[in-house]
Structure formats: structure tokens, C-alpha cells
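Visitor: Using the sequences and the accompanying hints, generate a full structural model.
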Amino acid sequence: MTLRDASLFLLVALLIVATGLIQSWNLALQILNMGLISAIMALGVNLQWGFAGLFNVGVMGFVALGGLAVAVTSMPPVTAAWAAGGPRLILALAVLAGTFAAAVALWKSQLPRRGWLVAAALLAGVVIYRMLFDPARDAIEAVNPALQGNLGGFGLPVLVSWPMGGLLAAGAAWLIGKTALGLRSDYLAIATLGIAEIILAVMKNEDWLARGVKNVIGIPSPLPTAVQLQENPAFAERFTDTVTASTIAVKLGYSLLFTAVLLILLVLAQLALNSPWGRMMRAIRDNETAAEAMGKDVTGRHLQVFILGSAVCGVAGAMMTVLDGQLVPGTYQPLRFTFLIWVMVIVGGSGNNFGAVLGGLLIWFLWVQVEPVGTWLMSGITAGLPDGDFKTDLMDSAAYMRMFTMGVLMLLVLRFSPRGLIPER
Amino acid sequence: MDFLNALVTLANFVIVPALAYGSQLALGALGVTLIYGILRFSNFAHSDTMAFGTMVVVLMTGVFQGWGVSLGPLPTALLALPFGMLACMALMLLTDRYVYRFYRAQRAKPVVLVIVSMGVMFVTNGLVRLIIGPKDRNFADGERFLISARTFKEMTGLDEGLAIKTGQALTVVIAVIAVAWLFWFLNRTRTGKSMRAYSDNEDLALLSGINPERVVMVTWLIVGALATLAGTLYGLDKSFKPFTYFQLLLPFFAAAIVGGLGNPIGAIVGGFVIAFSEVLIAYGWKKVLTYALPDSLAPEGLVQMISTDYKFAVSFVILLIVLLFRPTGLFSGKSV
Numbered sequence: 009m010t011l012r013d014a015s016l017f018l019l020v021a022l023l024i025v026a027t028g029l030i031q032s033w034n035l036a037l038q039i040l041n042m043g044l045i046s047a048i049m050a051l052g053v054n055l056q057w058g059f060a061g062l063f064n065v066g067v068m069g070f071v072a073l074g075g076l077a078v079a080v081t082s083m084p085p086v087t088a089a090w091a092a093g094g095p096r097l098i099l100a101l102a103v104l105a106g107t108f109a110a111a112v113a114l115w116k117s118q119l120p121r122r123g124w125l126v127a128a129a130l131l132a133g134v135v136i137y138r139m140l141f142d143p144a145r146d147a148i149e150a151v152n153p154a155l156q157g158n159l160g161g162f163g164l165p166v167l168v169s170w171p172m173g174g175l176l177a178a179g180a181a182w183l184i185g186k187t188a189l190g191l192r193s194d195y196l197a198i199a200t201l202g203i204a205e206i207i208l209a210v211m212k213n214e215d216w217l218a219r220g221v222k223n224v225i226g227i228p229s230p231l232p233t234a235v236q237l238q239e240n241p242a243f244a245e246r247f248t249d250t251v252t253a254s255t256i257a258v259k260l261g262y263s264l265l266f267t268a269v270l271l272i273l274l275v276l277a278q279l280a281l282n283s284p285w286g287r288m289m290r291a292i293r294d295n296e297t298a299a300e301a302m303g304k305d306v307t308g309r310h311l312q313v314f315i316l317g318s319a320v321c322g323v324a325g326a327m328m329t330v331l332d333g334q335l336v337p338g339t340y341q342p343l344r345f346t347f348l349i350w351v352m353v354i355v356g357g358s359g360n361n362f363g364a365v366l367g368g369l370l371i372w373f374l375w376v377q378v379e380p381v382g383t384w385l386m387s388g389i390t391a392g393l394p395d396g397d398f399k400t401d402l403m404d405s406a407a408y409m410r411m412f413t414m415g416v417l418m419l420l421v422l423r424f425s426p427r428g429l430i431p432e433r
Numbered sequence: 089m090d091f092l093n094a095l096v097t098l099a100n101f102v103i104v105p106a107l108a109y110g111s112q113l114a115l116g117a118l119g120v121t122l123i124y125g126i127l128r129f130s131n132f133a134h135s136d137t138m139a140f141g142t143m144v145v146v147l148m149t150g151v152f153q154g155w156g157v158s159l160g161p162l163p164t165a166l167l168a169l170p171f172g173m174l175a176c177m178a179l180m181l182l183t184d185r186y187v188y189r190f191y192r193a194q195r196a197k198p199v200v201l202v203i204v205s206m207g208v209m210f211v212t213n214g215l216v217r218l219i220i221g222p223k224d225r226n227f228a229d230g231e232r233f234l235i236s237a238r239t240f241k242e243m244t245g246l247d248e249g250l251a252i253k254t255g256q257a258l259t260v261v262i263a264v265i266a267v268a269w270l271f272w273f274l275n276r277t278r279t280g281k282s283m284r285a286y287s288d289n290e291d292l293a294l295l296s297g298i299n300p301e302r303v304v305m306v307t308w309l310i311v312g313a314l315a316t317l318a319g320t321l322y323g324l325d326k327s328f329k330p331f332t333y334f335q336l337l338l339p340f341f342a343a344a345i346v347g348g349l350g351n352p353i354g355a356i357v358g359g360f361v362i363a364f365s366e367v368l369i370a371y372g373w374k375k376v377l378t379y380a381l382p383d384s385l386a387p388e389g390l391v392q393m394i395s396t397d398y399k400f401a402v403s404f405v406i407l408l409i410v411l412l413f414r415p416t417g418l419f420s421g422k423s424v
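Those protein sequence lines, which keep their order, are chains A and B. Just so we're aligned, residue 9 is where the first sequence starts under the numbering used here, counting upward by one. Just so we're aligned, residue 89 is where the second sequence starts under the numbering used here, counting upward by one.
If you are wondering where the hints come from, they were derived from the structure by calculation, not from laboratory data. Each hint should be verified, as a subset may be incorrect.
As a list, the in silico DSS-like pairs of lysine-lysine whose alpha-carbon atoms are at most 30 Å apart [unchecked claim]: (1) K223/B to K222/A; (2) K222/A to K399/B; (3) K116/A to K399/B; (4) K326/B to K186/A; (5) K399/B to K374/B; (6) K212/A to K197/B; (7) K375/B to K223/B; (8) K241/B to K212/A; (9) K375/B to K399/A; (10) K197/B to K186/A; (11) K329/B to K212/A; (12) K326/B to K223/B; (13) K222/A to K374/B; (14) K223/B to K329/B; (15) K222/A to K241/B; (16) K374/B to K241/B; (17) K399/B to K375/B; (18) K375/B to K241/B.
Owing to the predicted nature of the structure, the values given are computational and were not obtained by experimental measurement.
Guide: Below is the structure:
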């Protein structure tokens, strides 16, 4: 890290401290926490794009899978729902998986008319699956639908859900990579864009899994909550304003946790980048044909790095859901969770882990702060106007300044500093 | 009679909506495919371009309505359409001049252009929301139905009605005219021929004295007009909401790739393939089957293959199948 890089990090730190001094420490820590999570996501995308040149625009899907992992790992199991239809549902899913495995096996066999055989196998499998699945799902969703109506989770400690988020995303990435990684770069982009939408569609509609759009709330917290702190006499007698002190203490706790995860991942990514494996990755990225001629397994390495990067995004997604304390599938949007992460990587500097981290922190800060600045500017512009629809419209629209700003920023960086703020070296 | 009823039900819930949706997708996919053919990158900003053009149409429609100008039974938006197209073309030329041209001069890799188009996507998306806001807007006026279900029932004496919305009828008619014009232009005019030549073999086209900047400019103009047209027709049929428009990106790409990227005929066929499969697979066949089958065989459930919520998944699965088994699409497109 050079002096210039360090001063850029210092700048971000100053921006966050200034937020604390001018606005509130609560907001500053909130920005820092999401900034740390964004930095981890950017690290994941940087693994895929910066190291290996894989164009993944399905980040949202892996982040959402991380969130799903939290609900499945740490929520208590709903025993009544398991009794009502758990085994039947698992059997149904096994039938579905078996059907696809059989279809793939049939397709790979050299039997005559294999196309028809595959179609017949798929049709039969799906019909059996629906016959098993539909009643089981209805039975599960009928159990206490106002609060549960799903199978619940395994009731494990909530911190276990972070690696689980990574594992779940890695599993999905393996499946996706197996089918889609052979595609050319922009085809891969479109394929991953679609897969992310499908993952979200499943999470929104399969109520038995994590309640769909009815959301999972009350995810256990790894740290004592603000209310618990306020009720603790040892904490209460030390501060006069216990409410503010407790919320800040909790946020600070999360900041420490997230920083620890970020540092671990950053060290691992740095070690990987400078290892023979990292050099091989960059060699493949820069010239696939030459790397293949040198006997490197291009497809295998691509699959590997695709899984690793997606797993990192999954971990970040799990951390975010734990921070929010709830899983709300309706809030996942590609602009926010895929394309914004790409802005972070491009602006920060693709191919450089520190660049990705800096991009994550800086862009997240701007994403949050452009809105109040836009509103402030807009109120200055509209100050002379009479109150009315036009003025309200203008004031409302200020909130969308952030998209515009991010786009302009990205275009400027691409044009004048295409290697990002901290370029690859 | 029952058979006719089944047919009418099918037409009402499947054929008419899918035809209209397919035409809208075809117009959108044509834009994607033209950009790919001439400029050689997948334009992620295309659906936001469409939202921008439509936004101008919506605003101008409001102005015309304020003046009391209307087209009688036809929606006022048709009058506002040329303004939207012009504004969108201007936007296309500006982005090309200030954003894309730089990378073209550098002969940047296609993937760089894709990332640049992501930046343009953010800017256009923000611009649209800044100007018109994120709300859902219905700007269709004039006569709502060409044939309403009730009139149809009275006319034919059938139990089932067939409703055709003005927006749907207009979509199909205008799409046919636009596509006919586009093919006439590409096949018969000098500029169109030079575009095809450029798309086919850039070096050869340059050798024969075709001005690349002119080809690119004409392409952007056509793309801007087509995108505005697609967006306006979609909005007349359904409604205008920036987020919904953004989400049309995936079906557009699916249609263009299924047909073969860079191939205009492919984009049109692809649009209809995607539209019909989305509607057919998510449709509950119960009513049609009840009419078509003898009473003893009438189904009990909805006979819906998958729930409507997975519509996106359909276009995507088709996309994946085509990519895996026939990467150049149904009508062989180019693979750069």
C-alpha cells in the first residue's frame, strides 16, 4: 500500500467521522456497518472480475441466498409444520432433484431418441413432484400462518449462519457455474442476471421455506440488543443518556465484528492474489488461449473462483440480514445489490483487493449521503417557489439523485481513470 | 359450441395478450440486436432508454390533454409519440457522442462497453426518476376497448367473451408497420445496406468506403425510435412505471438471444417465442379444458404448469436452453 492509497482510506475515515460530528454518530456507524458489508461484497466481485475476468451480474442472488441461510440456520424449527408435511416435502424435493439428475444422465447417454426420453423423464418427474409437493406445502403453510407457516430453521447460534450463507451461495454457484461458465462474457452476464431474478422469485414465493414476502422477523442477534443494555443496571448507571449510548454501543459492536470478518477475508484474498494460484488466475484472465496451451485447466479454475467469489457475497448477505434482524425478500433489487456493487469495484479499482474495499466504503458513503445533499440543494433551488404540487414533486425527486450521481461517477472513472482509484499492480 | 367457447377463452386469455406482449418484446429486442450487430456489445441501458422515451411521451400526453387536444377514440399518446422519439434520439446521439465514441475510437473490448452501458443505465434510470418520479402512471385515454367482452358475447351468442383492448390492437398494428418499414430500410435503401454490410464484415465495409460514424449514428437513431415505440405501446397496454420498464431488460435479452443476437428477424421471432411461452406456461388451463373435454374428464385443479410469479423464470430457462444447445440462437446470429 502506498501513501496515496493510505490517504484515500484516511479520507473515507474522515468522511465518516465528519458525519458523526455534523449529523449523528448513530448515522455514522450505520454507514460504516453497511459500508463494511459492501466492502465484503465488492471483495467477492473483485475475486471474480478482477482476478479472473468473470462477468457476474447476479450478485443480488448470492446476497439473497446468504440472507436465506440466516433464516434457515438460526430461526427455531416449527415442529408442528415439520410434523404436518416436512418429510413429504423433502421427499418431493428429492424427486425433483432426481428427475433433473436422471434427465442429465439420459442426455449424456448415447441412447437413440434421447431427446424424447429426456422430455418424458422430465414430464413424469415433474408430475410426481407436484403430486407430492402441493399437499405437503399446503399443510405446512396452514400451520399458524400469521406467524409461521414455514418449516423454520435449525435453531443454531446466529453466527454459524455467516459461514452457512457462504456455503449456500457456494452450492448455488457450483450449480450455476457448471451450466453457464462455458458461455462468452456477455452471455454469462445475462445468464447470471436471470439466475439472480429466479433466486429472488423462489425466495418471494416459496412461503414454506422462509415465509416469502411475509418476511422473517425477529432473527436472533449475536450481540445484546439496545433494550437489553438499557435494562442492565451496570450499563445504565454509567451513562446519562442510556438510549443513545446503548444504540451506539450495539452498532459499535457490529462494526468490530464486521471489521474482523473483512480483515480475515482481505488477508485471505491478498494471500490468494500473490500466490501461484493468483498469478495463474490473472494469466488465464489476460489470455485464456495461452494459459490453456500451458496446460492450465481454464474451466476448472473459472468454476473455482466463481464459487469462491459467490461464497464471499453470500457471507456478506448473511451478515446484512443479521444486522437488519429480518429477512425481507422484497427489498432485494438488482440496482442496489448488483449494479451498485459493480460501481464499487470499478471505482475502487478492479484487480486490487484494497481498491475493492475502498470502493465499497466510499461508494456506500456517497450512496447514503447524496440523498440529504440532494434534498438540501433542491430546497435551495425551490426556496423561491410557492408551495404546491410542482415543488413537492421536485423535492420528492431529489431522492433519486443517487442513481444519477452513481452513474456519472462510474462513467467519469471509466473514462479518466479506467483502472480505478487504487489500480491493480 | 363448447369447442368454440374453448377457442374464444384461449384467444381471450392467451393469444391476444401474448400477441401484444410479443410485439412489444420484439420491438425492444430489435433495439438490443441492432446495437449488438453494429456496435458489438450488449446494451444494458436499453430498457432505461425505453423508459426515457416513454417518459417524454407521458409528459407530452399530459400537455396535450391540458390543451384539450385529443385523437377521439385513439389515445392522445400517439400524438405525443413523435416528440418522445425525437427526445430519445437526441439522448442516444448525446450518449454516443460523449460516452461511447471515446471507447469506439480506442477499439475497447466489448466487455468494457458493456460496463460503460451499466453506467449509462444508472444515469438514464436516475434521470427518469428525477424527472417523472417512480410512480405508476396510466396515460392511456380514448376508447378503452376495440371489442369488449360484452359486445362480443352479444354479437356471437357465445358464453365466453373476447375482449381486445385498444392498446393491444394498436400494438400489433403499429409493430407490423414499424417492422415492415425497418426491413424495407435495411434491405432497400443505401444507408440500410451499408448498415448490414458493416454488421457483416466491418473491415470490408470500411474498405468499400462506408462511413462508420454515419452507420453508428443511424443505428442509434433507429434504436431510440424503436425503444420509444416499444415503451409507449407497453405503457398503453399496461402502464408506465420506471421499475417495471427496468425489469423488461431480461425478456429483451432473452428474445434477442433466442432469435440469435445481431439478427433482426431472430429478434422478432424470439420476442414472440418468449411472450407465448411465458403466457402459455403460467396460464391456468382449467376453463379451456372444461369446455374442450367431455364432462367426465373435466379437471379439478387450475391445471397451471407453474405459478404466475415465475414468469421471469420461463424466459430465462428458454434462454439457458438455447445458450447451451444452440449458442447462436434459432436464426444464426453472430458470435463475436
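Visitor: All hints are to be evaluated individually against the structure, with a verdict given for each.
Guide: Verification of the hints:
1. For the proposed pair K223/B and K222/A, the alpha carbon gap of about 23 Å is at most 30 Å, so the pair holds.
2. For the hint linking K222/A to K399/B, the alpha-carbon distance of about 20 Å falls within 30 Å, and the restraint holds.
3. Our distance criterion of 30 Å between C-alpha atoms is met by K116/A and K399/B, whose separation comes to about 29 Å.
4. This hinted pair does not check out: K326/B and K186/A have alpha carbons roughly 38 Å apart, beyond 30 Å.
5. Note on K399/B and K374/B: the hinted pairing holds, with a Cα-Cα distance of about 19 Å set against a maximum of 30 Å.
6. About 37 Å separates the Cα atoms of K212/A and K197/B, which puts this hinted pair outside 30 Å; it is violated.
7. At roughly 35 Å between alpha-carbon atoms, K375/B and K223/B are farther apart than 30 Å, so this suggested pair is violated.
8. Restraint check for K241/B and K212/A: not satisfied, since their Cα atoms lie roughly 39 Å apart, outside the 30 Å limit.
9. With a C-alpha separation of about 51 Å, the suggested pairing of K375/B with K399/A is violated against the 30 Å cut-off.
10. For the hint pairing K197/B with K186/A, the CA-to-CA distance comes to about 26 Å; that is within 30 Å, so the pair holds.
11. The suggested pairing of K329/B with K212/A holds, with an alpha-carbon distance near 21 Å, which does not exceed 30 Å.
12. For the proposed pair K326/B and K223/B, the alpha carbon gap of about 14 Å is at most 30 Å, so the pair holds.
13. Taking the CA atoms of K222/A and K374/B, the gap is about 29 Å. The hint holds against a cut of 30 Å.
14. About 6 Å separates the Cα atoms of K223/B and K329/B, which keeps this hinted pair within 30 Å; it holds.
15. Proposed proximity of K222/A and K241/B is contradicted: the alpha carbons are some 41 Å apart, above 30 Å.
16. Using a Cα cut-off of 30 Å, the hinted pair K374/B and K241/B holds, with the two alpha carbons roughly 20 Å apart.
17. A distance of roughly 20 Å separates the Cα atoms of K399/B and K375/B; the hinted pair therefore holds under the 30 Å criterion.
18. Simply put, K375/B and K241/B have alpha-carbon atoms about 17 Å apart, close enough for the 30 Å limit, and the pair holds.
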